Each structure stands twice: as C-alpha cells, then as structure tokens.
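Engineer: Build out the structure end to end from the sequences listed, making use of the hints.
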Amino acid sequence: DAKTTQPNSMESNEEEPVHLPCNHSTISGTDYIHWYRQLPSQGPEYVIHGLTSNVNNRMASLAIAEDRKSSTLILHRATLRDAAVYYCILRDGNGGFKTIFGAGTRLFVKA
Amino acid sequence: GAVVSQHPSWVICKSGTSVKIECRSLDFQATTMFWYRQFPKQSLMLMATSNEGSKATYEQGVEKDKFLINHASLTLSTLTVTSAHPEDSSFYICSAWDRRGTEAFFGQGTRLTVV
Numbered sequence: 296d297a298k299t300t301q302p303n304s305m306e307s308n309e310e311e312p313v314h315l316p317c318n319h320s321t322i323s324g325t326d327y328i329h330w331y332r333q334l335p336s337q338g339p340e341y342v343i344h345g346l347t348s349n350v351n352n353r354m355a356s357l358a359i360a361e362d363r364k365s366s367t368l369i370l371h372r373a374t375l376r377d378a379a380v381y382y383c384i385l386r387d388g389n390g391g392f393k394t395i396f397g398a399g400t401r402l403f404v405k406a
Numbered sequence: 691g692a693v694v695s696q697h698p699s700w701v702i703c704k705s706g707t708s709v710k711i712e713c714r715s716l717d718f719q720a721t722t723m724f725w726y727r728q729f730p731k732q733s734l735m736l737m738a739t740s741n742e743g744s745k746a747t748y749e750q751g752v753e754k755d756k757f758l759i760n761h762a763s764l765t766l767s768t769l770t771v772t773s774a775h776p777e778d779s780s781f782y783i784c785s786a787w788d789r790r791g792t793e794a795f796f797g798q799g800t801r802l803t804v805v
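Residue numbers (the numbering used here), protein chains in the order written: chain A, 296 to 406; chain B, 691 to 805.
Since the hints were derived computationally from the structure, they do not count as laboratory data. This structure is a prediction, so every number in the text was calculated from the model and none was measured. Every residue gets a Cβ at the ideal spot worked out from N, C-alpha and C, and that includes glycine.
No more than 30 Å apart at the CA atoms, straight line, and that leaves these computed lysine-lysine pairs for DSBU-like:
#, chain 1, residue 1, chain 2, residue 2
1, A, K393, B, K754
2, B, K745, B, K756
3, A, K298, B, K745
Pulled from the structure, derived: some chain B residues nowhere near chain A, Cβ distances all over 10 Å:
#, residue
4, P698
5, T707
6, E742
7, L758
8, T765
9, D778
10, V804
11, V805
Structural biologist: As structure tokens, then:
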C-alpha cells in the first residue's frame with residue numbers, strides 16, 4: 296500500500312503560488328520524500344526530493360515538517376504547463392528503490 | 691542527463707497475440723528496472739521489479755506467465771504481454787533509478803490497445 300496520502304485535486308490561478316500537501320505519518324527515519332509529476336500520456340518526471348531539510352530547485356520548493364510526517368510541494372508561480380498529477384512518494388534510504396505510488400493530486404491551473 | 695527510453699510508444703494488437711515492450715537506460719546502467727501499468731484516471735500500479743541476470747519479482751496479483759519480463763543486460767529490460775486480451779489494454783511505464791537514488795527516470799510509456 297502507498298505510504299502517502301494527498302488531496303485528489305487542487306486548483307490554482309496562473310501566476311499564483313501553489314502549495315500541494317502530502318501526509319506520510321508512517322515515514323521511517325531513512326525514508327526520502329520524493330515528488331514527481333505526470334503530464335497526460337507521459338511518464339512521470341522528477342520534481343524534487345528531500346530528507347529532513349527544506350529544499351529548493353529551479354522547479355519548486357519542498358517544505359518538510361519538523362516531525363517529517365508531512366511535506367508540502369510549493370510551486371512559486373503556477374503556469375498552465377504545471378497542470379499535471381503530482382505524486383508524493385517515499386523511498387527507503389537503505390537502498391530500496393521499489394516505489395509505490397499513491398493516488399496523487401491532480402492540479403488544475405486556471406488562466 | 692540520464693534517460694530511460696521505451697519502445698514502442700503505442701501499439702495495437704489483436705486478441706491472443708503477444709506484444710513486447712522495450713525499456714532502455716540510455717546513458718547509465720540499471721541493474722534494476724520497474725514496470726508499472728496505469729489505467730485511465732488512475733495512478734501507476736507497480737507490476738514487477740526487473741533484475742538484471744535473474745528472475746523478475748512480481749507484485750501480488752500480477753500473473754508472471756502473462757507478463758514476461760527479461761532483463762538480459764544492464765541497459766535493457768523487456769516486458770512481453772502474452773496472449774493479450776482487451777482487458778490488458780493500458781498504459782505501461784518502466785523506470786530506473788540513478789545509482790545514488792536521487793532520481794527515478796521514467797520511460798515515456800507505451801499505450802497498448804488490444805482489439
């Protein structure tokens with residue numbers, strides 16, 4: 296079973312920030328938090344990942360709760376091209392690469 | 691950067707025939723690859739873990755005799771859907787992680803339609 300839960304869908308206006316939440320209350324100390332997104336009829340693509348500290352890259356920011364039981368993906372300025380399904384997944388840092396996807400959040404961006 | 695390539699992107703086949711889908715890691719070696727299937731409006735469902743030089747590990751409920759996986763080299767894994775039926779119509783996706791586990795690379799997916 297997936298170890299993460301996310302809202303089914305969210306809506307945002309173009310050029311506004313978007314905060315996509317993820318709950319992972321059973322996370323273990325060695326689990327990394329990864330975010331991927333999937334555009335229609337394509338394979339998922341990497342967005343960002345982190346372990347304990349907040350992370351920033353050119354695509355997004357990842358805010359991780361102090362207890363690590365939740366995290367938030369932040370898109371600073373949503374564009375129409377950001378409309379996709381966003382998946383929050385956990386990867387075992389002890390070398391396991393098997394990845395189970397949850398339902399993800401479908402992000403709608405309004406012009 | 692590392693890329694995982696799938697072929698074909700789409701395929702239509704008749705019921706009862708077999709279809710082979712290839713997944714290649716283009717500039718890195720992947721001892722392990724993963725195969726997923728995805729139905730419309732649903733999430734990715736892990737089917738099996740493909741291990742180079744050994745047998746694949748199938749998830750519960752996935753028929754190993756129907757979905758044959760071969761991982762003969764460090765850059766190629768194949769999924770063969772045998773005796774395909776319309777209910778096998780789906781979007782099949784493969785993936786492989788980089789060595790450090792920083793990022794999983796996914797193929798572009800193969801849309802299989804069985805008529």
